[in-house]
Amino acid sequence: MKVAYWPGCVSRGFTPELHGSMAKVAPLLDIELVELDRAACCGAGVIAEHNQELADALNARTFALAQMELERGAELMMNICSTCQGAQSECQERLDANSEYREHVNETLSAEGLRYEKGLSNKHFLWLMVEEIGLDAVRAKVKRPLTDLRVGPFYGCYIVRPSDRLGIDRAHPRDTYLHQLITALGGTVVDYAGQYKCCGFPIITMNKEASLKQAGRHLGDAVDAEADCLVTPCPLCHLNLDLQQPVAERIVGRQLDMPVLHLPQLVGLALGLSPKELGMNKHVVRPTSVIDWSTSVVASVAA
Amino acid sequence: MPEYTLRIRRYTPETGEAAHWDDFMIDLDGHRSVLDGILQARDRQDGTIGIRCSCRAAICGSCGVRINGSPALACHTHLDKAAEVAGDEPITVEPMGNMPVLKDLIVDMDAVHWKKIQRVTPWLLPEADPPEREYVVPPESMIDVTQSMACIQCGACVSDCLSMEVDPEFIGPAALAKAYRFVGDPRDGEHFERLKDLAEDPHGIYDCTHCFNCIEACPKGVAPMSQIMRLRRAAGTEHEINDRNNGHRHERAFVSLVRDYGLLYEAELLPRSYGGDSWFGKFHPAAGMELASSLPSIVKALQRGKVTPMKALKGHKLGKDDLQAVQRIYEHAEGDAYELNLYVVGYEDEEEPPGDGDAQADAAGSHLPEERSPNR
Chain A
54 MKVAYWPGCV SRGFTPELHG SMAKVAPLLD IELVELDRAA CCGAGVIAEH NQELADALNA
114 RTFALAQMEL ERGAELMMNI CSTCQGAQSE CQERLDANSE YREHVNETLS AEGLRYEKGL
174 SNKHFLWLMV EEIGLDAVRA KVKRPLTDLR VGPFYGCYIV RPSDRLGIDR AHPRDTYLHQ
234 LITALGGTVV DYAGQYKCCG FPIITMNKEA SLKQAGRHLG DAVDAEADCL VTPCPLCHLN
294 LDLQQPVAER IVGRQLDMPV LHLPQLVGLA LGLSPKELGM NKHVVRPTSV IDWSTSVVAS
354 VAA
Chain C
166 MPEYTLRIRR YTPETGEAAH WDDFMIDLDG HRSVLDGILQ ARDRQDGTIG IRCSCRAAIC
226 GSCGVRINGS PALACHTHLD KAAEVAGDEP ITVEPMGNMP VLKDLIVDMD AVHWKKIQRV
286 TPWLLPEADP PEREYVVPPE SMIDVTQSMA CIQCGACVSD CLSMEVDPEF IGPAALAKAY
346 RFVGDPRDGE HFERLKDLAE DPHGIYDCTH CFNCIEACPK GVAPMSQIMR LRRAAGTEHE
406 INDRNNGHRH ERAFVSLVRD YGLLYEAELL PRSYGGDSWF GKFHPAAGME LASSLPSIVK
466 ALQRGKVTPM KALKGHKLGK DDLQAVQRIY EHAEGDAYEL NLYVVGYEDE EEPPGDGDAQ
526 ADAAGSHLPE ERSPNR
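Taken in order, these protein sequences are the chains called A and C. All the letters of the first sequence, read from the start, carry residue numbers 54 to 356 under the numbering used here. All the letters of the second sequence, read from the start, carry residue numbers 166 to 541 under the numbering used here.
One chain only, chain A, in its complex shape (with noise of 0.2 Å):
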């Protein structure tokens, strides 16, 4: 399936190995990326909270671009990065319901001959692997069944919350795809209490005690409940539970060693690619358990 892929800026930035590894498993699972490398910043909230419209019309330009792939062959537009999804689902909920507002942005656009039409499908990756593609299918493609390996699910807000705007029912319980697709590649899931709570990011440059405070009591409690490592969807979580990690020790005061993977990191490893390849070596904290666990026998019996 050919997707309009929408990489994010962090992505490119400070988590290369996200980028990295989205395209290493992309072909594994038949998934083709046009990459949206003339689309801009999503705004991050941040855009939007100094002037909504403008974080609107960037995101509209970003969908109209998508919708070109659309013309030519993609089946809908991907993110991979929650906080990317989140700010486009919000400023898309406001471009979809008011036909007159989307006139005005529209106006904008027009200068580059851009129009953004109501009705985009925008899916995360998590979301595309559960709905588009399917566990079943998934699971058929798993080489390496992650057997024994604990991985607690860090979905980060923007994917989660407000429930309505990010299309979360029954019929899709998009809060548990994490849990599924663990399950579905083989893996323990480990419940614990901040795997749907902030990882603190937003205020790490306002109030950087309380932010890594966050980030520290979580991984705190991944640690508790005897978790390998934690999975997120979110390369800004990433930021604040891997990066600022050793800053996060001394605030909690507590040694927290916790290796946090990408999500098509995780998959990757299941699908038989090496920690390696998966960029895994570019972690702050070095995902020594994951790669004990890909070198152990249980692993590589599987394998």
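Don't take every hint at face value.
[To be verified] Here are the in silico distance ranges between beta carbons for each label pair:
hint, chain 1, residue 1, chain 2, residue 2, range
1, A, E88, C, L456, 42 to 48 Å
2, A, V351, C, A315, 52 to 58 Å
3, C, C220, A, T241, 31 to 37 Å
4, C, D194, A, D277, 26 to 32 Å
5, A, E153, C, A315, 20 to 26 Å
6, A, D244, C, C220, 34 to 40 Å
7, A, S152, C, E179, 58 to 64 Å
8, C, L467, A, A278, 29 to 35 Å
9, A, M54, C, L290, 56 to 62 Å
10, C, M166, A, V276, 28 to 34 Å
[To be verified] Taking lysine-lysine and the DSBU-like style, the derived pairs with C-alpha atoms no more than 35 Å apart in a straight line are:
hint, chain 1, residue 1, chain 2, residue 2
11, A, K266, C, K280
12, A, K55, C, K482
13, C, K482, A, K261
14, C, K479, A, K266
15, A, K335, C, K465
16, A, K329, C, K476
17, A, K77, C, K482
18, A, K176, C, K482
19, C, K246, C, K280
20, C, K465, A, K266
21, C, K485, A, K266
[As the list claims (entries may be wrong)] Rough simulated footprint, nothing fancy, chain C against chain A, three-plus residues with beta-carbon under 8 Å:
hint, region
22, 96-107
23, 158-166
24, 186-200
Read the hints as simulated data drawn from the structure, not as lab findings. The model shown is predicted, which means the values in this text are computed figures rather than measured ones. All C-beta atoms, glycine included, are put in the ideal place defined by N, C-alpha and C.
Use these hints to put chain C onto chain A, whose structure you have.
Same frame as chain A, now just chain C:
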């Protein structure tokens, strides 16, 4: 009559005993409320169950609790819906979070919620002596605050605030939504002073971590987080308050980096958030101090090749034509921005029953000529 099991969290601090769960079987129709269930259990089985309630019609805000882990008004939650969420398990009912428990489902609202409401001076501070009769303001100037006026002070948002969980001094969603009710009120004469106070407070508007829990929690659609974002917009953009918490500097730096690069240039964003929105921001002492305190992370990131010095010095950038297109959008939107509020105008779509969306729009401002309403 269908039967439901309520699993109620019991706790009486004075006894010194630990909190525990008690199960109660109740028989009521599914369309009756969880509150009705609790009251039946209290009447028939255990008169000591503590619950605070009054109107039973979702307007007094007394019966805020957590049902199946999520904050809600007990009187506004149907038993059948709660049972559906609970699945095979009993319906759990527990007190709200972030506030001390007085007894069972009753929390100390005075100690947290009301104290924080008082913190934001929740009354009108007019510029001059009040007029002899009523204030006369253009009706459309009040539309903006209708959403925050819908608050019934139930504390559901306070219960689940994730910033407050780690920083109990955070002013919090309910009180900040209340603050916007006055900052957005044309009759109030101290908008700047209010905003300055809330922006400079380390536990003020810039302490909100943007987690959406309060939006999800609110039974009245107040969306406290959106009101906090409006306060930030008013403080930073309208009143140019350059707060000590880096809140406005961070926003400025973010917005101008995306204008100049099209994408977010993170290595430049951080120093500018501390030191000021220009290339020279990184040489400001505040940026230097932050750099020093982040050294453990920076050193590791460089060691692992996560960030290369080259990438830190040269941000990713859109192509020339696309960057120009982005900058044109900036020029358009930075002028007279159109701030659509769906709470006010409602949704125009096919799925909703006819007239539903219109009804909301009417309630908010049908009496206004179209050209005068910002949300038309």
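Each hint tested on the structure:
1. A:E88 - C:L456: 42 to 48 Å: 33 Å, violated
2. A:V351 - C:A315: 52 to 58 Å: Given range 52 to 58 Å: holds, Cβ gap about 55 Å.
3. C:C220 - A:T241: 31 to 37 Å: 47 Å, violated
4. C:D194 - A:D277: 26 to 32 Å: 42 Å, violated
5. A:E153 - C:A315: 20 to 26 Å: 24 Å, holds
6. A:D244 - C:C220: 34 to 40 Å: 37 Å, holds
7. A:S152 - C:E179: 58 to 64 Å: Because 60 Å falls inside the window, the suggested range holds.
8. C:L467 - A:A278: 29 to 35 Å: At roughly 32 Å between Cβ atoms, A:A278 and C:L467 fall inside 29 to 35 Å, so the hint holds.
9. A:M54 - C:L290: 56 to 62 Å: 59 Å, holds
10. C:M166 - A:V276: 28 to 34 Å: 48 Å, violated
11. A:K266 - C:K280: 24 Å, holds
12. A:K55 - C:K482: 25 Å, holds
13. C:K482 - A:K261: 28 Å, holds
14. C:K479 - A:K266: Answer holds: C:K479 to A:K266 is near 31 Å, not above 35 Å.
15. A:K335 - C:K465: 9 Å, holds
16. A:K329 - C:K476: Within the cut-off at roughly 21 Å; holds.
17. A:K77 - C:K482: 24 Å, holds
18. A:K176 - C:K482: 25 Å, holds
19. C:K246 - C:K280: 34 Å, holds
20. C:K465 - A:K266: 20 Å, holds
21. C:K485 - A:K266: 41 Å, violated
22. 96-107: With 12 residues closer than 8 Å to chain C, the region 96-107 of chain A meets the three-residue bar; holds.
23. 158-166: The restraint on the region 158-166 of chain A holds, since 4 of its residues have a Cβ under 8 Å from chain C and three suffice.
24. 186-200: violated (count 0)
In terms of the numbered hints stated before, the structure departs from hints 1, 3, 4, 10, 21 and 24, listed from lowest to highest.
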